Amino acid sequence: MVDFDIIVVGAGPAGSVASYLLAKKGHTVLTIERGKRPGSKNMFGGRLYAWSLEKVFPNFWEEAPIEREVTREVLGLLYGDDGIEISLNGKPKAKSFTILRAKFDQWLAEKAEDAGAEIVSGVKVESPLIEDGKVKGVIVEGEEKIESSIVVAADGALSFIAEKAGLRAKLSGEDFAVGAKEVIELSKDAIEDRFRLEENEGAAQLYIGDITEGVVGGGFLYTNKDTISLGVVMRIGSLSEKVSNIETTMWNATERFKSHPLIGRYLKGGKLLEYSAHIIPETQFLRGVKLCTDGMVVVGDAAGFCVNYGLTVRGMDFAIESAIAAAEAIDIALEKGDTSASSLRRYEEALSTGMLREFEKAKKAVDLMEDQRIYTSLPKIAVNTARHLFHVDGKPKEGLYQFLRRSMSEEGISLLSALLLSWKALKSL
Amino acid sequence: MMVTLMDIAVLIKQSLDVQELRVDQDTGKIYIEEAPTKAGDIDLNAAEEAVRIKEKVGGKATAIMLSTWGASGKRLKEAKEALKRVLAMGLDDAVLIMGEEGQKADTYVVAKTLAEVIRDNYQLVLAAEGSDDNFSGLLPARIAAELDWPFIAYATALELEGEYVKVTRSLEDYEEIVRVKLPAVIAVTQEINKPRVPKLMDIVKAGKKPLDQRDFTPPSEPKIAIRELKVPKVERKNVIIEGDVEEAAEKLLQALKEEGVL
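Those protein sequences? They're chains Z and V, same order as listed. End of the first sequence = 433 in this note's numbering, gap-free, step of one. End of the second sequence = 306 in this note's numbering, gap-free, step of one.
Keep in mind that the hints are not guaranteed to be accurate.
EDC-like cross-link-like pairs, simulated, lysine to aspartate or glutamate; straight-line CA separation at most 20 Å [as the list claims (entries may be wrong)]:
1) V:K124 with Z:E117
2) Z:K45 with V:E207
3) V:K243 with Z:D197
Which residues of chain Z face chain V? A partial, calculated answer using Cβ under 8 Å [unchecked claim]:
4) V78
5) V127
6) I143
7) V144
8) G146
9) E148
10) E151
11) M412
12) E415
Honestly, the hints are just simulated from the structure, not real lab data. Keep in mind the model is a prediction, meaning the values are calculated, not measured. Even for Gly, the Cβ is constructed at its ideal location relative to N, Cα and C.
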């Protein structure tokens, strides 16, 4: 007799959605969260694309604690004190929302609890319980063994559970990016004025430029109801090549970002409420993570389902989608009484037609995003070219083509490589 | 009194989680509504002591909580969570008294209410010497007064001797050992024991233990009303010492001496 049909490790979005769906199907579910309460340890930039959660809770935004619906997309290029912002304004068909995780994750966990899942917080799972090569449950702190037919590893980017079950290799810093984030309090009116938003509308703004001093990464800014989430993300691999102290570099980059005139203006008079940092499994899916083994599946960040496409940064929507697919596969496996890896493979198959295919494509975007010239030369040339175009001092001006050729050769970029880069960009987006 | 040999009431306060309390340094505003609540730290010592007595002599131990946070869903959930924690440690059941009126209740009203719950039903009341959030330490004594039972504070050890309980009290310069006939109210210190960390399955089972939720109706008007809560403002001198390290250190030493800090 097992203690529970399913044990879910981690009450983040993936864990809570899997718990909810499985409890609703009538299975006994134990969800173990390490933080004081669901959401207390979790962090992300600030935006959730609605498509996957909508399948579980249609019109969830009417009841869930969302902040604002994103109606303004901004891509910014920063160089020196200057900057270019390109903005797209209007209501998109596919919704996305800015959210604050502490509240949102708690809401999701409550949904799972209401459906009948048992959620226990403040308890650390030490390792999966493995017998005869099969996952048979978990071992929690205090050497307590709890048995289940299936374990769902939803324990986030570092997933020790997946690692200990042999589903992923021991990862190194190279596999991650690191994000630093601040939440800044600002009045509702100031936010709506400064970002040109109607009530309940939100902005999502991404920036690249010399704020990261050539390190692969950039700045982000999302508007909440009466706060702003902002910060920087930097690729650890790229960071450690260039700098010795990651912490200081992150801090400096955040400060540079915040004090850039373009950004500082948004934040004027704001009050720092909290700051946090987290690692992001930005490149992991590239490195063969197995999604299931006998008695266990891996979902969300734990499986590395997180992609930076440049213009869009996604993780939470993938986490939820993977949880939906996992819950379906687990439900069928339990019905059949077969929880072996081959039975659970249905999970992987379900993802292979959608999400995983998208990841394949994303590899190109990620390759492109690794090109350091995007973070150094591109913003510099773009800002300088714009300056040149708008420059009037009564003297004859160098032609645009001439100017561009010169700027590019100063950056060591040939016309051919610029064309190649643009071609790659077009193909990957 | 028709009660079984040892029926223990353990008072659990729904206390602010002061570690997560946010304060606006400029205005002195304390963000109380935003802060989560939990069972007080020393309440866990009281619960642990009750479980140990139960393990020795048998009987039943009930967690009793009067929530003074109103009746919002969030606070109710937190109250249940706090009670679940002590039930997981081994208490048998819980009484939760909660209502909108609770927000106005002062120690006097809370004591009067709890005394009525306790009278005729329990022989021993265990409570923390103070709560995590305001640590006034008044409540157990007030309850004892309402019940007209003896009250013993600062307990660092308890020993049951039939109808009596022997209590070691830690006082300023010495220890005092007293013996008192039950029923009695005892306030324990953090030194009395080390609260057990409940097993996960005990936490799961605790969710199924009986929880008697009652509406709070104040037995009388409060005597004290809190007008405002503010953080004391600390004036800073804002002195910046410059120069190279040695020079600056020397100046800093000088300045600290002048202030009488060193």
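Tested hints:
1. V:K124 with Z:E117: Since the Cα atoms of K124 (chain V) and E117 (chain Z) sit roughly 14 Å apart, the hinted pair holds (cutoff 20 Å).
2. Z:K45 with V:E207: violated (49 Å)
3. V:K243 with Z:D197: With Cα atoms ~52 Å apart, K243 (chain V) and D197 (chain Z) exceed 20 Å; violated.
4. V78: Hint violated; V78 (chain Z) Cβ to chain V Cβ min 30 Å, cut 8 Å.
5. V127: This hint holds: V127 (chain Z) lies near chain V, its Cβ roughly 5 Å from the closest one there, short of 8 Å.
6. I143: At 10 Å from the nearest chain V Cβ, I143 (chain Z) fails the 8 Å test, so the hint is violated.
7. V144: Holds, because the Cβ-Cβ distance from V144 (chain Z) to chain V comes to roughly 5 Å (cut-off 8 Å).
8. G146: Given a least distance of 6 Å, the restraint on G146 (chain Z) holds.
9. E148: With a minimum Cβ separation of about 5 Å from chain V (threshold 8 Å), the hint on E148 (chain Z) holds.
10. E151: Violated, about 11 Å.
11. M412: violated (46 Å)
12. E415: violated (41 Å)
Against the hints set out earlier in the document, violations occur for numbers 2, 3, 4, 6, 10, 11 and 12.
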